[in-house]
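Asker: So you can see what is in the structure, the chains are spelled out below.
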Amino acid sequence: MLGDVFSYLTDGSNWSGSTGIAAFGAQQLLLTVTSLVIAVVVGLPPALYLGHRGRGGFLAINISNVGRAVPVFAVLLVLALGPIGSEEFGPFGRAGLATLVALVLFALPPIITNAYVAVAEVDPGVVEAARGMGMSGTRVFGSVELPLAMPVVLTGVRLALVQVWATATIAALVAGPGLGRVITRGFANHRTYEVVAGAVLVAVGALVLELVAVLVQRYADPMRRASREIARSAP
Amino acid sequence: MSSDAMIRLSGVGKTYDDGTVAVHALDLEVERGELVCLVGPSGCGKSTTLKMINRLIEPTIGTIEIDGRDVTDQDPVRLRRGIGYVIQEVGLFPHQKIIANVMTVPLLYGESRATARERARELLELVGLDPATYADRYPSQLSGGQQQRVGVARALAAKPPVLLMDEPFGAVDPLVRLRLQDEFLRLHRELGVTVVFVTHDIDEAVRLGDRVAVFAAGGRIAQYDTPARLLGRPADDFVAEFVGSTSGLRRLDVTPLDPAHLEPLDGVTAGDLGAAIDVDSTLGHALAVLLRDDAGLVGVRDGARFVGVLTPNGIHRALRAALAEMTEATSAAG
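Protein sequences appear in the order of chains V and W. The numbering of the first sequence is my numbering, which starts it at 204 and goes up by one. The numbering of the second sequence is my numbering, which starts it at 387 and goes up by one.
Worth flagging that the hints you see were computed from the coordinates, not collected in a lab. Heads up, the beta-carbon is just placed ideally off N, CA and C, and yes, glycines get one too. There could be a bad hint or two in this list.
Said to hold, decoys possible - Derived Cβ-Cβ restraints for the label pairs, each shown as a range: (1) M426/V x M712/W: 52 to 58 Å; (2) Y252/V x D390/W: 44 to 50 Å; (3) Y422/V x P462/W: 48 to 54 Å; (4) A434/V x P698/W: 55 to 61 Å; (5) R342/V x T519/W: 49 to 55 Å; (6) G328/V x A411/W: 44 to 50 Å; (7) V415/V x P462/W: 42 to 48 Å; (8) D326/V x T519/W: 24 to 30 Å; (9) L561/W x D326/V: 44 to 50 Å; (10) S526/W x G220/V: 53 to 59 Å; (11) P425/V x L561/W: 53 to 59 Å; (12) P698/W x G328/V: 46 to 52 Å.
Said to hold, decoys possible - For the chain V half of the interface with chain W, some residues (derived, Cβ under 10 Å), not all of them: (13) A229; (14) L232; (15) P425.
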């Protein structure tokens, strides 16, 4: 069984072609990154702003949590059968638009919740000192609140990234794009090793993305830089 | 009314939207170079009053002038750059090195990085932190007392004429607090900056303040006076209770020695004198030396010359005389 999985994955012919692993993998990555970028562009600015104001976040978090409460599969089905339909959508393939919308809705809650909470809960003493010394609201946000909130904001984005990648797999259930197609194809043809191979690919992809995200986060977080220097100077 | 008021609050009040009155029509004048303490129980409006001076809280009525200019006519962000601000939480930026923290306000003013850095190093020296050791550390690597020294340095970086302090030494342990208070007094004398200092600790208030305003609930000033008069002649029962039953002891620390209450050196040998104290000392210091040496008297000198001896009786007479002076001054003023 594991041998079958291994030989399936190492057979170059399974990777090539328009229904090969490479094409489906690229599609899933494109889908994941696109929906994440849209969710960041749509969700991050209002969440950060509300966090800076320190109010209204409750509403934003609850609205975005609707995306968490409703199963993505249900959203996907409704969208694919409804007005958006399941036509080809550019490089995203069949039912591409429906999948994108469902994934964006799914990516919003962790991004919005983390961003709002991160900024709203920056040490009030630090913010008061910043205002008291004559920083404008914009500068308090840019020089103090955002750098200090960055770790938690980035954690939200990272969570969304990995969740979206994993969830993108279900697009195959409406014959949509992505690595899920390897799994559904295996089911349809009673090739268990292909089902397992597809699952392995999704899992490995999630781990790789998580790793990349952690490295990016480490690089972008001002507090980590500070604590690294502290650790280095410790006797 | 003094003509040299640096800060003048006239009829200043703050009522919140829900009807809570935090401060009730307050008048307060702080003279140029003066260190004034606002003291009172929690919730009495002393912090609110302080924050209205730099407009972190907007007053609902009244006017606040700094150096003759109404603060409400000025852009609040620019106004705050000209006023030092120190808070109990310190509020250093944890992601920036100490030097960068102190450079913040000069940079806001548009100074070059080189000038700001130079200024920041001077200030670290001024507050007793060696720049070579501390400039490149992060706030979390400093003790609470050291962090507040940086907080004071940061507030003074732009040479503000006015410094507002909100319980700045409230979070450090008592020994460190005493040292910070001493050093801050020295700093205040050196720089001549006008200071408004909020504390809930009456000991801290009488120790530091040139004058002390005792706040009662509802943002009303119960008494605004020198520490000696506050302790010796509390205006009402509330103030008397607030300054406490040990106010007599505290008065020793704010009442200077008077040569008139010394006794002559006749018949006293050098061996009886023990350690002599300076004629500029307070009665508190005199009593402490008296108790320590257990001699029943203590020599007092003016420079190298002995001017007399002080006995417990003399201390008692000095305290009574100080009270009598206050009474005269009060009736003369009234």
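Asker: Does each hint hold? Answer for all of them.
Answerer: Quick rundown of the hints versus the structure:
1. Distance hint for M426/V and M712/W: a CB-CB separation of about 56 Å, consistent with the stated range 52 to 58 Å.
2. Look at Y252/V against D390/W: about 45 Å separates their beta carbons, and that is inside 44 to 50 Å.
3. In this structure, Y422/V and P462/W break the distance hint of 48 to 54 Å, their C-beta atoms being roughly 37 Å apart.
4. A C-beta distance of roughly 59 Å is found between A434/V and P698/W, which places it inside the suggested range of 55 to 61 Å.
5. Here the CB-CB span from R342/V to T519/W is close to 30 Å, at odds with the stated 49 to 55 Å.
6. Between G328/V and A411/W, the C-beta spacing of about 30 Å breaks the proposed range 44 to 50 Å.
7. Taking 42 to 48 Å as the suggested C-beta distance range, the pair V415/V and P462/W conforms, at roughly 44 Å.
8. Range check, D326/V to T519/W: Cβ separation about 25 Å, and the 24 to 30 Å hint holds.
9. At about 26 Å, the CB distance of L561/W to D326/V disagrees with the hint of 44 to 50 Å.
10. S526/W and G220/V have their C-beta atoms about 56 Å apart, which keeps the hinted 53 to 59 Å range intact.
11. Distance hint check: the CB atoms of P425/V and L561/W are about 35 Å apart, inconsistent with the given range 53 to 59 Å.
12. Our hint of 46 to 52 Å for P698/W and G328/V holds, since their Cβ atoms are close to 47 Å apart.
13. Checking A229/V against chain W: minimum C-beta separation of about 38 Å lies over 10 Å; hint violated.
14. The beta carbon of L232/V is not positioned within 10 Å of any beta carbon in chain W (closest approach about 33 Å), and the interface hint is therefore violated.
15. The beta carbon of P425/V comes within 4 Å of a beta carbon in chain W, closer than 10 Å, and the hint placing it at the interface holds.
When the structure is compared with the earlier hints, violations turn up for hints 3, 5, 6, 9, 11, 13 and 14 and for no others.
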